[in-house]
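Read top to bottom, the protein sequences are chains A and B.
Going by our numbering, the letters in the first sequence line up with residues 1 to 1186, in that order.
Going by our numbering, the letters in the second sequence line up with residues 1187 to 1481, in that order.
A hint or two may mislead.
[What the hints assert, rightly or not] What follows is a list of derived Cβ distance ranges for each label pair: (1) Q16(A) - Q1409(B): 34 to 42 Å; (2) G1324(B) - M1(A): 29 to 37 Å; (3) G1324(B) - G852(A): 50 to 58 Å; (4) F548(A) - K1320(B): 48 to 56 Å; (5) S231(A) - G1324(B): 52 to 60 Å; (6) V424(A) - G1324(B): 29 to 37 Å; (7) R281(A) - Q1409(B): 30 to 38 Å; (8) L314(A) - T1202(B): 29 to 37 Å; (9) G1324(B) - G151(A): 14 to 22 Å; (10) R281(A) - S1327(B): 19 to 27 Å; (11) Q16(A) - S1327(B): 30 to 38 Å; (12) F548(A) - E1193(B): 32 to 40 Å.
[What the hints assert, rightly or not] Covered, in the sense of this in silico footprint (three residues per stretch, anywhere, with C-beta under 8 Å from a C-beta of chain B), are these stretches of chain A: (13) 284-290; (14) 366-378; (15) 704-712.
Quick caveat, the hints were computed from the structure, so don't treat them as lab data.
Even for Gly, the Cβ is constructed at its ideal location relative to N, Cα and C.
The primary structure of each chain is shown beneath.
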Amino acid sequence: MLASFLRFELRFRLRQPAVWIFSVVFALLTFGAVTSDAVVIGGGTGQTAINAPFVITQMLGIMSAVSVVLVTAFVATTITRDFELGTDALFFTKPIRTRDLLLGRFAGAVLVASIVMVAAALGLAVGSLMPWLDPERVLPFSAAPYLHALGVFVLPNLLVMGSFFFAIATLTRRVLPAYVGVVAFFVIYSISDSFIGDLDNDTVAALADPFGLASLGISTRYWTVAERNSSLVPLTGELWLNRVVWLSLAAAVLAFTVRRFSISPRARKGAAAGGDAEPSRTDTPLVVVHPRHGLAVALHQAWHQLRVELGTVLRGKAFIVIALFGVLNVVGGALGTIDELFGTPVLPVTHLMVRVIDQVFALFVVIVITFYAGELVHRERQVGLHEVHDALPVPSWVPLLAKLAALCVAVLVLLGVAALTGIVLQLLQGYTHVEVPLYVEGLWGLSLSRWMLVCVLAVVFQVLVNHKYLGFLLMVLFFVSQAVLPALDLQHGLYRFGWASETPYSDMNGYGHFLGPSMWYRLYWWLFAVGLVLVANLMWVRGTDARFRLRLREARRRAGPATTVALAVVALGVFGVGAHILHETTVLSRYRTQDDQEAGAVRYEQSYREAWLHAPQPRVVAADLEVDIFPHRREVLLRGTIELLNRHDAPIDRLMVSVDPDLQVESLGLPDEALLEHDEELGVRIYRLEPALAPGARLPFPFSLRFSEEGFKNHGSSTQVVDNGTFFNSAWVPHFGYDPGQELSDPNERRKRGLPERERARPPTDMEARANTYITHEGDWIDFAATVSTTADQIALAPGYLVKEWQEGDRRYFRYEMDSPILDFYAFLSAEYVVARDAWGDVAIEVYHHPGHETNVPRMIDAVKKSLDYYTTNFSPYQHRQVRIVEFPRYASFAQSFPNTIPYSESIGFIADLRDPDAIDYVFYVTAHEVAHQWWAHQVIGGDVQGSTMLSESLSQYSALMVMEKEYGREKMRRFLEHELDRYLEGRGQETERELPLSLVENQQYVHYAKGSLVMYALRETMGEEVLDRVLADYIADVAFQAPPFTTALELVERIRAAMPERFAYLVEDLLETITLYDNRAISATATEQPDGRWKVELVLESHKLRADGEGAEQEVPLHDWLEVGVYGEEEGSEPLYLQWHRIEGERSELSVVVDQRPARAGIDPRVLFVDREPDDNLVRVELGG
Amino acid sequence: MSTEGAELVIEGLSKTYPGGVRALRGVDLRIPPGMFGLLGPNGAGKSTLMRTIATLQDPDAGSIRLGELDVLRDKDAVRRVLGYLPQDFGVYPHLDALSLLDHFAVLKGITARGERRAVVEALLHRVNLWDKRKQKLGGFSGGMRQRFGIAQALLGDPRLIIVDEPTAGLDPQERSRFLNLLSEIGEHVVVLLSTHIVEDVADLCLQMAIIARGQVLRSGEPQRAVDELRGRTWKKVIAKDQLDEHEREHTVISTRLVGGRTVIHVFAEDAPGSAFEPVDPDLEDVYFTTLAKAA
C-alpha cells in the first residue's frame, strides 16, 4: 500500500508544472555558476578546477540548503492539500493505514525534490563541458563526485529538512507553520555559520548545521588546491556524526508524526469564545444612513483598511515568528564575530549595530516582503471574500495603497524591533553611548526607504501577474538579478531597480559626501515606484473575470485624465532625475566598470611594457610639496617639485610620466612641445628631454595637480578626500617610468584577455629588479618636505617634523620637514583631531584621534613606548625623533607605517573592546607591528624580488610578538599563534597561484604575516631570542638605508643559518626555504604513580613530516627532527610539568618521562611551534594505569 | 442621477467563458422595484448574470441599465447603490463579526463613527448575530456566515440588492426571518434574488424569471404562470420501473418520492389517461414544466 501512495504522489507531482519549473531554474543556476562569473555559488577560487570534486560537493551542498523552500513546498502540501481541498473526508475515511499513507506520500515528495536536485547536478555537469571554458581549469568528467555529493549531502538534507517540515505541516494541518520552520532553519544555519569562525566551537558548529556544510567547511578548511581537485570529502569524523545525528532525528520526527497524526477531521474550535449572553433583538428597526463618497471618504477608507490589513499581518503568528528569529539573528550577529580581530570584539557602537542589523535582517525583510505581498494582494481572493469586496464603492487605489502601506509599516515595525534589540544589547554590554538618531536615520531612513521600493515591486508583481507563486518566483528572480547584474558588468544604478549608492557611516565623517548622490538615486527610484503604483492601480484585479485581455480593457477604462497626467509627470521626473544622474556619473565623473579598469590595465601593459620596462629613467631623490586640502568641498591642490637624478651612465632623452587619471593636470614641469605621446585615459605622457639629461645631472620636475571629484559616482566614491578624515598618499604625485604594479595580476583574467603569463615577483638573483625597493620603482631614499594647509578647524599632517604653523585667512598651514632621507612613500592627512601627547625619552609620541575615541589611546601610547624600548635595545636606534599615530575614517581598515607617521583606521583599534582582560590586545599588537616597520621597511628594505615582504612584514610580526610577549606572557602568545596558524592554513587553501616558502614570498599575506609569525616564533624558540636578535641587529647594521642593489630575504636566511645551533640546522630549510608541515599526534599517554610519589608517563606518539609544492601536493619526507614533548597538569594554562626537546625518529615513537605531579594531558609539540594541520591532536588525555 | 424607484433593464446580455461555456445567451429582462426571483437549475447562468449586474465581470454583448445608469460603464456609481451577497463567500477568519461589518461599513462610505455604529448594531440584531458579534468569523457555521453576508449586503441603504442563493444553509426560522427582512426593504428598491428553491420565489416575489442554460425561459408574475397551468397538470403514482415508459409517452415535469412511492407530474392539455388525476398546480410545477419544455 505504501508503494501505491508513493506512486500516486509521484504521478500527481510530475503532472504539475512546479517540479519542472524548479528543475529548470536549479539547472540554470548551477549551469550559470560553472559557465560564467555571473552566478556564484560557494565556489572554488583561483587554481581550483571549475568542476573539482570539492567545488561540486560545495555547490550541490549549498544548493541543497537553498532547496529547503523547494522540499517544503513539496512535502508540506502532501497531506494538507486534502484538508484544504476538503478531500480529507474522502481519503481518510477509507480503511487505509496511516503509516503507509504518510510515509508513501512523504517518500514521493522527497523523490520529486531529488529530481530537481539531480537537475542541478546535471546543470553543473553539462556546464563544465562547455567549450568556452578555460581548459586548464576543467577536469575530465567523473560521475563519482556528483554521486558522492548527492548521496552524502543532497539526499540526506532533503530527507532531514523534508521530515521536519512534513511533520510541522501535517500535524498542524497548515502549510504556513512549515514555512515559518524554514525561516528557523535558516537561522540555525546562519548561527552555526558564525560559530565556525570561533575555533573552540568546531564540533558544536559542525553538529548544529543541519545541512552538514559547516562540517564540510571544517574538514576541508585546510585543503590545498591539489586536494580540492582530487579528493572526495571523507565521510568521517564530524561530517559522519552530523549525518547520523540529523538523519536519526529525521527518522524520529517521522515516527512521531505517524504516531500523532489522527485521521479524523479535527473538531472545529468551540464557538464559545467571545460572544456574550445578550441576545439579538431581531425586531430592531434598521437605521438608514446615506453613504458618502469622494476623495476624503476614500482616504478615510484607505486608512481604515490599512489598519485592518496591518492588524492581520502583525498579529499573525508567521510575522511574530519571523520577527523573533530576526531578533535572535541580530543578537547572534552583534555578539558574534563581526569586525572581530584575533577573537577580540569591538565595542557595540551604534553604527556597528545598525550595520549588523542591516546585514542580518535583510533576509527576514526579504521574506516578509515577498511573502506578505502575496498574502495581502491575494487575501480577499484566498478567503473568498473578493466578490463582496470588489463590489464595494471604493476606488481600486484604496485597497492597493492600503495593502502597500501595510507592507511598508510591517517592515518599519520589523526594523524598529531590530533597533530596540540593538539598544538592549548595547546596554546589556555596559555600553551606554546609544545614538538613537543613528538608528532612526540608518534603519527607518536609509534602509526603510529602499525596502519600501522592494515592497512596491513585490506588490506590483503580484498585481500584474495575479498569481501568488508566480509573483514569488518573480521576486526570487529579482533578488537573483540583483546579484547577477553587477557580475555581468551591468552595474549602473539607473537600470538596477532600487539601487542607491552606498552610504557607509564613520564616526569621524558621518555619512559624509555619500549621502547626496544616494539621495538622487533614491529620488529616481521613488519616482519610478510611483509610476509602478499608478500602473498597478490600472491593472488592479477587480471582479471575477481576471483574464489579462479584459484587465487591459478595464485598465484603459480606468485610465482617466488624472492618471495620464500623473504618469506623464512621473515619467518626466524619472527622465529628468535620471538624466541628472547620468550626467553626474558619466559626464562629470568617469564611469568605469571593473571591465573598463581591467581593459585599461591590459592596454597599459601592451602599450608600454616592452618599450619602457627596461628603459633607463632618472631617480626621484627629493620632493618638496605644497598641498592645499579643502576638505569641505573635497578638493586638493597638489603642487611642488620632485627632483630627478640621472644615476645611469648614459644620458636620458625620454621621460615617461604617469599621473592618476582621476586628477586634473594644471601644469607639468616640461613644456608641451616636448610632449611626444599622451594617453589621456591612462594618464601617461611621454616627454622628450632636450637636451638629454646627462649622467649625474639633476632635473627639477615642478607640477601642479588638482583633485576634485566632479559629479558623483555610481558606487565606490573615493574616500581619500572627505569632509573630516582626509587621507591620501604619494600615489597622487606624478610618477616616472613603467610600473609593473599597474599590470593585471589575476592569472585567470590574464589568460582570458590573451596576456602572457606573468611572474608575481622576480627571483632574488635578478639584479635589475634589486635596483629598486619593492615599494616604488622610481626612487629609494629621498629628501622630503611639505607645506600642508587645510581649513581652520582641522589639523593637516605629513611625514616630517612640524617646523612652522601659521594661519592665513580661514586656512591653517603646517610646514613639515624631514631631517633624514626617507623612502619615496608618504601620506597626507587632515581632520578635526584631539591630540594626546606623551614622550619616550626624547622621542615625542602623539596620537591624533577623533573626539570620543580616546578609550584605547593610552594602550597605543604604551605600546609605542614598549616597542621603542625593545627595538632600540635589541635592533638599532630609532631614526626619527617622533612617533605619530593618526586616525582616519573606517572606509579602509588597516594601519600603515609611513616615516614617523602611522595612519590608523578608526575601525581597527579605536573601538576595540578590550574590557575582557583575557582578550588578545590587538591594539597593542597592531601598534607594535606598525612601530616595528620604522625598522623593518623604513631602515631595512628589500629589493623588488621574492621574499622582500618577509623582511618588512614577518620581521615586524616577530618584533611585535616579542613586545607583546613581554607585556602579556607566553600563554597569550600561544593563543595569538593559534589564530596565525588558522589564518595561514586557510590562506593557503585560497591561494590563486602557488604558495611559496617564506624566504621567497610573493607579497602573500597568509605567508608573510601568518606563517611569518609562526616561523619567527619557532626560530626564536630554537635558536634563542638573544641569538636571533643579534642576527637581526647585525643585519640592520649592514644593510640599513642601503643604496641599490637592495638586500633580499636570502641574505637574512644565510645569517640565520650561520647562527643556528647545530641540532636545529635542518630547520632553516624546513621553515624558510620550503613548505614543510608536520602531522604530529599523541596516540596515548599512560601514567603510573611511582613509589616516590612521582609519576611516570609513557607516551605513544606519531609524527609525519610533509613537504608541499606550490600547488599543495604533499610528499612525506623522513623524520629525524627535534620536537618538544610536554606533560601538563589539570589546570588550563599552567606551567608544564615537563617540556623538553626530543629527537623523534620515524613515524612512531614511544618514550617515557617522569614528572612530579599528577599529569592530565601529554603529547608532542604541545605548543604547536610547527605548522600542523591538526593541532588539536597533539595533546591527549593521560590515562592513569595500575 | 436618481436611482429611486428605477427599473433594472437587461438587454441582449451574452457571455461565453474561455472554455467555451456559453453562460448567457441573449438575456432580456425588465426588473421593476420590488422583489424579483430568479429561478434556475445549477449552471443555468444565474450567478453569471448576477455578477455581471454587480459589476464584477463584463458581458461579451448586451446592456444593463438601472434607471438612467449604465451599469456596465459607470461601475462606480452602481457600486454606491449596490448591496450584493454572492453565492459563495469567505471571511477573514481571525476578525470578529462586529469588526468586519464595521470595516465593510467604512468601505461602503459610512465614515461617521456614530452613524456607522448605529447601522452596524441594528443590522447585527436583525440578522440575529448580536450575541455572536465578538466571535471570530473563522468559527462561524455556514448559516451564521450566511446571515453575516446578508447583513453586509444591506449596509449603506442600497437601491439595488442582489442576493445569490441567500437562503442556502439557513434553517427554516432564519429563512423566514431573512425573507421578512428582505421584503421590508424590497418595497422601493430592486431586489434580485436567485434561488433554486421555488418556495422562496413563491412566498416572496411579485415578479420572477426562470432561466436555464443561459436563456430566460419565461418571466412574469408567479401567480399568472401558475394560473396558466391550471387544468393541465396531472399526477400519477407509479412503480419505479415504469418511469422510463411514462417518460416516453408523456411530458413528465417532475418525479418525486412520496412515502417511498414514485409520484410523477405530467403536463397535458387533456387528461392523459385514467390512472392520472388532476392536481392543483403550484410554482414548482411551473418551474419544472418550463424546464421540461425547454429540454
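A quick look at each hint next to the structure:
no., hint, verdict
1, Q16(A) - Q1409(B): 34 to 42 Å, "54 Å, violated"
2, G1324(B) - M1(A): 29 to 37 Å, "35 Å, holds"
3, G1324(B) - G852(A): 50 to 58 Å, "55 Å, holds"
4, F548(A) - K1320(B): 48 to 56 Å, "42 Å, violated"
5, S231(A) - G1324(B): 52 to 60 Å, "57 Å, holds"
6, V424(A) - G1324(B): 29 to 37 Å, "35 Å, holds"
7, R281(A) - Q1409(B): 30 to 38 Å, "35 Å, holds"
8, L314(A) - T1202(B): 29 to 37 Å, "44 Å, violated"
9, G1324(B) - G151(A): 14 to 22 Å, "45 Å, violated"
10, R281(A) - S1327(B): 19 to 27 Å, "21 Å, holds"
11, Q16(A) - S1327(B): 30 to 38 Å, "34 Å, holds"
12, F548(A) - E1193(B): 32 to 40 Å, "35 Å, holds"
13, 284-290, "holds (count 7)"
14, 366-378, "violated (count 0)"
15, 704-712, "violated (count 0)"
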